[in-house]
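Same order as they appear, the protein sequences are chains D and U.
Per this note's numbering, the very first residue in the first sequence carries number 1160; after that it's consecutive.
Per this note's numbering, the very first residue in the second sequence carries number -1; after that it's consecutive.
Be aware that one or more of the hints could be misleading.
DSS-like, lysine-lysine: derived pairs with alpha carbons at most 27 Å apart [to be verified]:
id : chain 1 : residue 1 : chain 2 : residue 2
1  : D       : Lys1311   : D       : Lys1393
2  : D       : Lys1393   : D       : Lys1316
3  : D       : Lys1316   : U       : Lys1
4  : D       : Lys1386   : D       : Lys1316
5  : D       : Lys1311   : U       : Lys227
6  : D       : Lys1311   : D       : Lys1247
Some chain D residues judged to face chain U by a derived CB distance under 7 Å, without partners named [said to hold, decoys possible]:
id : residue
7  : Leu1314
8  : Val1324
9  : Leu1340
10 : Ser1388
Hints listed in this document are in silico derivations from the structure and should not be mistaken for laboratory results.
This one's a predicted model, so the numbers in the text were calculated from it and none came from an experiment.
Virtual Cβ for every residue (Gly too), placed ideally from N, Cα, C.
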Amino acid sequence: MNEEQEINADEVKNDSQASEEETSISDSTQLEVSEFADKKTLGFGFWLATFWLVLISFLAVFSPILPFKDADKNYIAYEQKENPLTGKVQERPVQPPYAPSGEHWLGTDQDARDILSRTIEGARISLAVGALTALFGMVVGGTLGMIAGYFKGTLDKIIGAIFLVVLSFPGLILAILIVALLDRSLLTISVTLGILGVSPIGRLARAQTLSFSEREFVMAAETLGAKKSRILIKELLPNVLIPMSTLAMLVIAVAIVSEGTLAFLGLSVQNSATWGKLILTGSGLSTLESSPWVAFVPMGFLFLTVASFNYLSDRIRDYFDVRDIFVTRD
Amino acid sequence: MPKPIRRLIGLLGLLTIVSMVTFGAMNFLGDPLFNILGPVAADVDNPESLKVIEEAKAQYHLDKSLPERWARWAWDFVRGDFGVQFSSSGQPPVSDLIKERLPRTLELMAVAQIIAVSIAIPWSVLAASRANRRTDKISTITAFAFVSIPSFAMAVILFYFFSVQWDLLPDTYTATDPFWGISHDHRLIQLILPGFTLGLGSAAAYQRLLRTDLITTLQQDFILMAKSKGVSKRRVLYSHALRPSLFSMITLLAINIGFMIGGSLVVEQFFRIPGIGSAVVEATLREDFPVVLAIVMIVSAGFMVFNYIADYLYTLIDPRVRHEDTSKPRKITSMGM
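All chains, please: the whole structure from these sequences, using the hints.
Rendered as structure tokens:
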């Protein structure tokens, strides 16, 4: 809930880096990369976070063909035990949940379903929600923001007002309202959360477009008679995309968290396991007492993913120096 | 027109639009009649139920046009009458429901903010005074981790350790218990777990901001001056450096109240606190529109008002701001969750 609130907290990393950033602010992002690539590094954490996200995405996408256990099957274990009624030693089922073991690496839930498989299954939906949300936010917010920033005037005022209104809604209440009144499909939830991402992304895109549209290369293109659509797509979009994608990563993180929040309010994607729902199933008093791993495994996955997205966004923002454009309130 | 007044009018306009959009969306997407009458509402062929439907429509003004109903609602709303609940009994009136539940949420928020601020300030002072050394690096990573833990996950973690494992704190909330007191039968103690759930994430967010600002302040000349006069390190940190560094944190504090309302939905649901968070969830699921509308309005208004207050708090902390333009862009972005 709070991860997106502070933007420039890690500003003062160390003095040398700070002074270096100052000198590079006036250059275009393209130039910056080649010039300072050897001085600025993304750091070990960046690659660690990237590794985790690639891994989890890979597992999520290819889980049907990977040798995981069936997420919906009940793997009841049997052991040789004395039957209390007959007194004979025979094969009897063991009461689940089972603790993590060689058979079930991360344990099973109370229906003896494999937690690892279920968490990977949940990753499919949770990551899909995140990706769709960010995509919607970027396409709609980016388009509106760039149009507002480039054409200015009345159009800018109208779009700015729309952004302001959406921003002044209590986001989560809006989300539960729409989801409760419509349906609980993957698409509805993603679009609803996407609407909440439109304003911040749009404002960023507007600010970026506004500052770049005054620059020489845009004026040159205008003088040469390039069409407005060409200027927007060929000249401005590449410059807007990087700051926008750092914000989009935050939007993905927020969307994954919001899905969990919706799950806790009983409003998450129907008929499929999501991280939020998995954590919710494990968070009852008796389940927590007997088998804490049921809640904590999906929670760990969710945390690592959200933290990775946050961290990547943070690092890329530092690397490309886009933090100054992150002024969205005016 | 003076700037503060102009802003105030802008806020009122914004609130009006928010109410219109919510009002429109709820009537457009849902079926209010069904929630009042139940299955009877769909039974239009039966003359008897038709009569009931007509009566209910007249009673709840559902036979009027949408703009007229909105205007009627708005007029009642500004006079403090939030209407009747869209349920079969319609009792209690929405205003009474809010009056009963809002204080509980405010208590929770207050506890959470106090926890957040009282953790964040010493934490940032500690980190800033050892900037870029090991303590600071560890605390930065910790803060980052805390910021990435969603409130529902934090609720489960705290509940697991403090209630299930160690059995230190109560996991139940009883609305009728007295507030002040230190036993499990007092709401002050019952609010500790929910308060920490909301507060820890905020504390980390505040820490990240305040630490940066403190480091910047500590590099200024007046700090050097104070140090060379022989003022103790503690005094320099807490009484010289802290005050001018509080700016961004106060903004975030104000904005964060809005976020906390979002977080409190899930925390109230998890710890079963009957505040406005759980009220809005219940009401949404029942499609009880007047309740939802009233809470949306209160939350939006609260969010805007706190932002407005934050701007004017600046002048209290730093008198110089009075003579400057307070409308300059702030460094904080928000995403409205």
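Hints and how they fare:
This hinted pair checks out: Lys1311 of chain D and Lys1393 of chain D have alpha carbons roughly 19 Å apart, not beyond 27 Å. Restraint check for Lys1393 of chain D and Lys1316 of chain D: the C-alpha separation of about 25 Å stays at or below 27 Å, so the hint holds. Taken as a hint, the Lys1316 of chain D and Lys1 of chain U pair is honoured in the structure, with Cα atoms around 19 Å apart against an allowance of 27 Å. This hinted pair checks out: Lys1386 of chain D and Lys1316 of chain D have alpha carbons roughly 23 Å apart, not beyond 27 Å.
Taking the CA atoms of Lys1311 of chain D and Lys227 of chain U, the gap is about 54 Å. The hint is violated against a cut of 27 Å. Simply put, Lys1311 of chain D and Lys1247 of chain D have alpha-carbon atoms about 85 Å apart, too far for the 27 Å limit, and the pair is violated. The interface hint given for Leu1314 of chain D is broken, as the beta carbon of that residue sits about 19 Å from the closest beta carbon of chain U, more than 7 Å. For Val1324 of chain D, the suggested interface contact is upheld, since its CB lies about 5 Å from the closest CB of chain U, less than 7 Å.
A least Cβ separation of about 4 Å between Leu1340 of chain D and chain U falls short of the 7 Å threshold, and the interface hint therefore holds. Of the supplied interface hints, the one on Ser1388 of chain D is violated, with its beta-carbon coming no nearer than about 29 Å to a beta-carbon of chain U, more than 7 Å.
Violated hints for the displayed structure, listed by number in ascending order: 5, 6, 7 and 10.
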